[in-house]
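Following the hints, put chain A in place on chain Z, whose structure we already have.
There are 2 protein chains.
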Amino acid sequence: MKLTLILSGLLLATLPADPLPSWNGNPAKKAIIEFVGKVTTPGSPDYVDPAARIATFDNDGCLWSEQPMYFQAFYIFDRIKELAPDHPEWKDKEPFASVLKDDIKGALAGGEKALLEMAMATHAGLTDEEFRKAVRDWLDTARHPKTGMAYDKMLYQPMLELLAYLRAEGFKTFIVSGGGIDFVRVFAEEAYGIPPEQVIGSSIKAGYELRDGKPVVVKLPELNFIDDKAGKPVGIHQHIGRRPIFAAGNSDGDFQMLEWTTAGEGARFGLLVHHDDAEREFAYDRESHVGKLDRGLDEGPRRGWTIVSMKDDWARIYPQADDN
Amino acid sequence: MKLTLILSGLLLATLPADPLPSWNGNPAKKAIIEFVGKVTTPGSPDYVDPAARIATFDNDGCLWSEQPMYFQAFYIFDRIKELAPDHPEWKDKEPFASVLKDDIKGALAGGEKALLEMAMATHAGLTDEEFRKAVRDWLDTARHPKTGMAYDKMLYQPMLELLAYLRAEGFKTFIVSGGGIDFVRVFAEEAYGIPPEQVIGSSIKAGYELRDGKPVVVKLPELNFIDDKAGKPVGIHQHIGRRPIFAAGNSDGDFQMLEWTTAGEGARFGLLVHHDDAEREFAYDRESHVGKLDRGLDEGPRRGWTIVSMKDDWARIYPQADDN
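Those protein sequences? They're chains Z and A, same order as listed. Numbering-wise (our numbering), the first sequence opens with residue 218 and increments by one. Numbering-wise (our numbering), the second sequence opens with residue 218 and increments by one.
Certain hints may be false.
One copy or two, either will do: identical chains are not told apart, so a pair holds if it fits within one copy or between any two.
Unchecked claim - Think about it this way: if two alpha-carbon atoms lie no more than 20 Å apart in a straight line, the pair counts; the simulated SDA-like pairs of lysine to any residue are:
1. K422 <-> E334
2. K431 <-> E482
3. K389 <-> A268
4. K363 <-> F291
5. K431 <-> R520
6. K389 <-> I443
7. K431 <-> A484
No lab work stands behind these hints: they were computed from the structure.
Here chain Z stands alone, though its shape is the one from the complex (with noise of 0.2 Å):
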């Protein structure tokens, strides 16, 4: 038995490490490790520069939970009850005074543009630094009504390991989120090694002037850029150039990107994360109002996608132990 061991060790040893210990073995991450084999293999037909190596990912539902709303909501909410001192009149003013009657339902009646007109009244004013540093204490700080973990600890562990795997692979890791693209580059560095330059997502307008003599860079109050649907391609082309070879999502507002990425020539993968596992997470798809999949579940087999199962792919979520 003994010597079993240290011969399957020795084995082990000689075979590279596993680049995906939390997936199960099943086709999703066969076909993973299949597609980046042959865009990194010299002289394989379907070989990849290194420079081409785009890979992007969505950020809600598909690095880090979404329910039961997109925790930048809960923050937004946080901070309209930290600044009701100083407006009296969003006591009498929806979406805001259902926010301070904790009547999560009816501030979210408004839909996207509730969201948007309370985003803008929240971070408008404020210079970047002061951005980042109010949702870093936020972040350090507030916890989720469910698991009551921190936000930024949320983050699913199979994709750490895949962010990690393609990077080691020489593809450049982005995220693509409809969320905002300053409140995500607060923490992408730390949380998934995305350094803010690789971050892309919605944002409102900023403008350039002195403070007190300082220069700074300041938000406005007027929306810039709404980077969903077909949004996301859009927002690639502006912000990265070129196409991705690799697409990673989870609702129907990633289907366009995914789309567009596997429309390209040569060797493509698209992927979808479908959150089926009500006991470790969330369980929900085609009629969610956070994170919808619907289109994505029909179309996406016979476009070729990878719909990877949370509760028969992953072996398990979070980084801690929380949910095993």
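Coordinates of chain A only, in the frame set by chain Z:
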């Protein structure tokens, strides 16, 4: 004599190679090397983490020439002539009519607004891939009216060395151009070693659509962003998400980029290329309609910025031997 040569050869072999061989050994070169040493030496009070070593460079007049007018304007004019048969109305419509009569002065009389109008009329409607090919074909055939060189060979050799030197020292180099982001991206990787995702510039909007069933990103005839003056720090904020520690430009359009960069904490470097070499390149500054440098000459030195004299500080201008 021979022995001395051999000995000095041996001595040189033990010293690090000069990273900036086309820079004369005067204050500008010394200041650059001293700055890079400070921010890259572990333990130095000015040490900067590699991830934060962001260096931004203007393009026109900083990395390549910009006289007698921006090279992209030559492209736009050539494109107008090419498209003219499909646009009979241009014969009677300014600024197009002037372009078709080879009246450059008349074509540029409308300033930035007219140039933008012509850019939109000639760029819009193309997919990103069609646009890239059109610019690439033009660069491969068009020649500069004064030098007879291909436009993308009129690069400044000393700046190419500076880019390579900074990258070798762990910097990430970006272009921050008032010119069109996608125009610059066509040649930036080959010319400067700067990949498309590290190019920032002015832009028109883009849309996503299916053409003959194939998903494409298409340029739209609508202004998106002017990356000039106060727009430069804003563009850097949007694309990079952090403040550079090194910025180089050559005109008052770069003033705010240098102001913002050098106002940050810790060691910072601001550099302005001064076009004072009528013999080897062009001489212009305070009165020029292209690349006007006035405020920067006045305020730069007392802000600690390094003013580079092309005449005195650069041993050569272009990579090819044409100028020497």
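Open item on the list: Could you work out which of the previously given hints the structure breaks and list their numbers from low to high?
Closed with: 6
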